[in-house]
Amino acid sequence: MAAVFEKPPVMQRLAPMLQGFDGPLAFAVFLLACAGLLTMYSSGYDHGTRFVDHGRNMLIAGVLLFVVAQVPPQRLMTFAVPLYTIGVGLLIAVAVFGVTKKGARRWINVGVVIQPSEILKIAMPLMLSWWFQKREGQLRPLDFLVAAVLLVIPVGLIVKQPDLGTAILVMVAGFAVIFFAGLSWKLILPPAALGIVAIALIIFFEPRLCAEGVRWPVLHDYQQQRICTLLDPSKDPLGKGFHIIQGMIAIGSGGFTGKGFMQGTQTHLEFIPERTTDFIFAAFSEEFGLIGNLCLIAGFIFLVLRGLAIALEASTVFSRLLAGSITMIFFTYAFVNMGMVSGILPVVGVPLPFISYGGTAMATLGMGLGILMSIAKSRRLVQS
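Mapping of the sequence shown onto the numbering used here: position 252 corresponds to residue 252, and the numbering continues sequentially without gaps.
No wet-lab data here; the hints were simulated from the structure.
Among the hints, a few may not be true.
[What the hints assert, rightly or not] Heads up, simulated DSSO-like pairs for lysine-lysine below, C-alpha to C-alpha not over 30 Å straight-line:
(1) Lys-160 <-> Lys-235
(2) Lys-102 <-> Lys-186
(3) Lys-102 <-> Lys-134
(4) Lys-259 <-> Lys-240
(5) Lys-235 <-> Lys-102
(6) Lys-101 <-> Lys-240
(7) Lys-160 <-> Lys-240
(8) Lys-101 <-> Lys-186
(9) Lys-259 <-> Lys-101
(10) Lys-240 <-> Lys-102
Start from the sequences, fold in the hints, and give me the full structure.
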């Protein structure tokens with residue numbers, strides 16, 4: 001009788017949960033997580049409990065990844081409308097009576113202080129993927145217009161807070177779904193061309209546009225200052241241009257092979273602001289040089305390509321669009337962070353995935369990876 005009630009080993013009970021996990025994606029995440037822990041130890045070992053907290057955040061993200069991966073895509077689809085509705089409702093509440101910190105109203109107290117815009121990083125691609133799944137086989141131009149409205153509402157509310165970094169991520173996530181759903185290139189090229197022309201004109205007329213007393217319409221003063229600082233950080237080297245200048249010095253001083261682990265002078269003499277968060281890529285570049293940067297970039301490229309491969313292999317429109325959008329979020333995180341630290345993009349609050357310190361961003365990344373794993377698992381289980 002004892003044998004009848006004997007419990008199977010733990011690994012035997014966990015095996016069905018692990019079945020179908022995407023090995024290449026998990027390996028890429030593991031390598032990037034190791035790089036993150038290594039860099040955080042070097043840049044944050046004397047910065048309170050940053051290293052320990054970073055490890056804890058990674059564990060939380062890992063748990064979220066594992067839990068979300070157990071939810072099949074069909075079940076994930078049922079969360080789309082409720083999560084989007086709650087997210088937009090909370091954004092409206094933030095606009096009305098949100099908590100203001102450092103001049104930005106991004107938080108709301110619901111017993112605990114939360115930042116609702118983070119919800120939209122997952123809710124936006126879920127909602128639009130659900131929308132196009134419902135319209136499968138009968139897409140009309142009006143359907144793309146509705147999708148654009150669903151995207152513009154939360155993005156506009158986030159921009160108003162203001163929070164340009166999160167707005168960019170939500171915009172990219174939503175636009176990726178609309179593009180992968182079949183948006184015509186003819187509608188994309190004209191605004192893209194106008195954007196390139198506008199950037200060229202801003203660069204050409206920079207001395208006049210950024211002169212003292214000149215104010216740009218639409219943009220807030222701080223947004224205008226970020227663009228002007230990007231174009232010529234030497235105008236205010238000890239003020240608004242300090243971040244960009246020190247970041248570029250750190251990257252350049254790393255040379256080809258870097259100064260070595262924990263040997264970064266710009267980092268440890270505290271010339272790099274936010275060295276454990278937004279500007280951690282500068283600290284990494286100084287210690288590991290061009291070779292380290294190329295390896296890190298290769299890791300992100302592999303993760304993105306693997307995510308796109310999962311999207312291509314997905315069995316439903318919802319899964320395909322959702323996987324593609326989540327993958328583009330990872331690409332945008334990495335591209336924007338490396339670009340702003342390198343001085344080719346304005347400074348916005350976008351962390352480097354798995355490398356930068358930040359609990360909320362790490363949790364969002366964990367859920368995103370869990371969704372990718374869920375889609376990969378469902379495909380493999382169908383094939384088997």
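Item to complete: Assess, step by step, whether the Cα of Lys-259 is no farther than 30 Å from the Cα of Lys-101, and give holds or violated.
Response: 38 Å, violated
Practice prompt. Decide if the proposed pair is consistent with the structure: Lys-102 and Lys-134, CA atoms, cutoff 30 Å inclusive.
Written response: The hint is violated at about 42 Å.
Worksheet item: Quick one, are Lys-235 and Lys-102 close enough, alpha carbons at most 30 Å?
Response: With Cα atoms ~24 Å apart, Lys-235 and Lys-102 stay inside 30 Å; holds.
Item to complete: Decide if the proposed pair is consistent with the structure: Lys-102 and Lys-186, CA atoms, cutoff 30 Å inclusive.
Response: Since the Cα atoms of Lys-102 and Lys-186 sit roughly 42 Å apart, the hinted pair is violated (cutoff 30 Å).
Worksheet item: Keeping to a limit of 30 Å between CA atoms, is the pair of Lys-160 and Lys-240 held or broken?
Response: The given pair, whose Cα atoms are some 22 Å apart, holds under the 30 Å limit.
Worksheet entry | Pair hint Lys-240 and Lys-102, alpha-carbon separation not exceeding 30 Å | Given that 30 Å is the threshold and the Cα spacing comes to 16 Å, the pair holds.
Discussion item. Check whether the Cα positions of Lys-101 and Lys-240 lie no farther apart than 30 Å.
Written reply: 20 Å, holds
Worksheet item: Is it true that the CA of Lys-160 sits at most 30 Å from the CA of Lys-235?
Response: 28 Å, holds
Item to complete: Could you grab the alpha-carbon distance between Lys-259 and Lys-240 and see if it respects the 30 Å cut-off?
Response: Status holds; Cα separation ~27 Å.
Worksheet item: Taken at face value, is the distance from the CA of Lys-186 to the CA of Lys-101 at most 30 Å?
Response: 42 Å, violated
This entry does not satisfy hints 2, 3, 8, 9, going by the numbered hints stated previously.
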